[in-house]
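*Asks:* Sequence:
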Amino acid sequence: MIPLRIDAAAVEPVSVAELRAYLRFDSDDGGTEDGLLQALITAVRASLEIETRRILLPGRYRIALPAWPPDGQVPLPLSPLVAVTRAGLAGAEGVTDLDVGLVRPGPDPVEAPCLLVDPAVPDSAGRTILIEVAAGFGGDGPAMPAPLRLAILRLAAARYEHRGDEADAVRSDTADLAAPFRRMRL
155 MIPLRIDAAA VEPVSVAELR AYLRFDSDDG GTEDGLLQAL ITAVRASLEI
205 ETRRILLPGR YRIALPAWPP DGQVPLPLSP LVAVTRAGLA GAEGVTDLDV
255 GLVRPGPDPV EAPCLLVDPA VPDSAGRTIL IEVAAGFGGD GPAMPAPLRL
305 AILRLAAARY EHRGDEADAV RSDTADLAAP FRRMRL
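The opening residue of the sequence shown carries number 155 in the working numbering; numbering runs sequentially from there.
These aren't lab readings, by the way, just hints derived from the structure by calculation. Bear in mind the structure is a predicted one, so any value in this text is a computation, not a measurement. Idealized CB from N, CA, C, for every residue including glycine. Do not take every clue at face value.
Listed next, with one range per pair, are the computed distances between beta-carbon atoms [said to hold, decoys possible]:
(1) 203 / 275: 28 to 36 Å
(2) 189 / 244: 38 to 46 Å
(3) 171 / 244: 40 to 48 Å
(4) 274 / 196: 38 to 46 Å
(5) 304 / 163: 19 to 27 Å
(6) 192 / 304: 16 to 24 Å
(7) 203 / 237: 17 to 25 Å
(8) 193 / 216: 40 to 48 Å
Please work from the sequences and hints to get the whole structure.
*Replies:* Printed below as a string of structure tokens:
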């Protein structure tokens, strides 16, 4: 089961204006580097999502299951998990929505994101189970921790300052900021 992003926020967790202020840019340059700064913010955010195994940009994800889990739990690689937005059974006749509450987020949506399936859920009867969830910091989810915002600023600034160079020294500093938020695998 691989969650597919079906919708995402259009705004990065750190703005170009914030990065310009962090870099101490002169306001007289007319924003000639804004495209590059935006690309750096996006790239850094994506790399920190991989490093921490957390979703730093809020979005909606779709999960498809062939059958309901026997133990009633569906572990998800989406942290923080915010809400279940839709659950249904897909077959040849289309998607039949399930009642709200039959599939809900587990008790720890940040450290152990999972879905809890009510025993009253109808049998899938060979149909595909489709579940849509909202996940990520910001938006309706929890606010992004300050160290992660600082990590985005520092790493984007380092990549700007060292274009074409290796920024390994700054990378270790940013990794230290992100380390407490990294989800571990068993």
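*Asks:* Hint by hint, note whether the structure agrees.
*Replies:* Hint check results:
no.: 1; hint: 203 / 275: 28 to 36 Å; verdict: holds, 31 Å
no.: 2; hint: 189 / 244: 38 to 46 Å; verdict: holds, 40 Å
no.: 3; hint: 171 / 244: 40 to 48 Å; verdict: holds, 43 Å
no.: 4; hint: 274 / 196: 38 to 46 Å; verdict: holds, 43 Å
no.: 5; hint: 304 / 163: 19 to 27 Å; verdict: holds, 20 Å
no.: 6; hint: 192 / 304: 16 to 24 Å; verdict: holds, 19 Å
no.: 7; hint: 203 / 237: 17 to 25 Å; verdict: holds, 19 Å
no.: 8; hint: 193 / 216: 40 to 48 Å; verdict: violated, 27 Å
The structure does not agree with numbered hint 8 stated previously, though it agrees with all others.
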